[in-house]
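Student: Sequence:
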Amino acid sequence: QVFQTLQNAIYEFMNNRVWTNHVYAMEERIECNMMFNITEQLSADDFKGTLTIQVSRPVFSTNYNTTTLNFVDNDIRFKYVEFSPLEFNLNSHISNLTSILAFYSYFVLGIDYDTFSLMGGSQYFNNAEQVVLNAQNAAESGWKPMDNTSHKNRYWLIKDMIDIDYEGVRVFNYNYHRLGLDVMDEQVVEGRAAITNSLELLQQVYRKKPDPYMYLLRLVFDAKVDEIVNVYTESYPEERNRAYDILTEVDKPNANKYKAILESSQ
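Going by my numbering, the sequence shown opens with residue 1, and the numbers climb by one from there.
These are calculated hints, taken from the structure and not from any lab test.
Some hints could be false.
With a straight-line cut-off of 20 Å between C-alpha atoms, the simulated EDC-like cross-links for lysine to aspartate or glutamate are [unchecked claim]:
1. 209 - 227
2. 209 - 163
3. 79 - 163
4. 209 - 234
5. 259 - 245
6. 152 - 185
7. 259 - 211
8. 159 - 75
9. 259 - 249
10. 152 - 238
11. 152 - 234
12. 257 - 222
13. 257 - 238
14. 208 - 238
Please construct the entire structure, taking both the sequences and the accompanying hints into account.
Tutor: Structure, rendered in structure tokens:
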């Protein structure tokens, strides 16, 4: 019973709250799936688990949706009393559950706006950062730099996203989507060339190595690896080789998948 009530409360919190002043047309709307997996109920109102977030946005002039975020937060813990209202204030940490929901709402909006206009998501990333700052004294983990030694939590997620050393990732998001995917329906060669050029931005970030964990690059490739391979199925040999060289340098865990780029024919 409590889980159904919680599900309904989260749905209403996410969908009834105004997160942005922008009015989305139906064809612009973000598709966002958030799935909590409760692994432990520590007490009647204390829950522990994971949160999987999958986000996509439409590609211009097509029926295709491109994944912009495919992410799992393994550090979820919150208290929830059945039928209690979910309250949130951008200036204070009221509850861990609503802070988590708000953080990812702003983070998702930031990524989405970045794909439509250059650095367009800054306002929403700043809001996500504010949620993190408010939670620095929270008892639950996931908000502070030392909560995760491999820099994989909400603190590092937003810190890296607004770090000047990672700016290339945000510019990539714009160039790849707006100058690449969004024009490929009518200008496939030009769009694919823009995507190839955008990969060089990730290469530049990778070579700078702002930190040893490269969290944001993993975020990109967890969402994009299969799509990127598909982009080059009808590419030219020179372009395929260039993309392959960059991708196998910056995304070694998926190197085997990128072999399909070289095997594709013009």
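Student: Among all the numbered hints in the text so far, which are the ones the structure does not match?
Tutor: 1, 3, 4, 6, 7, 10, 11, 14
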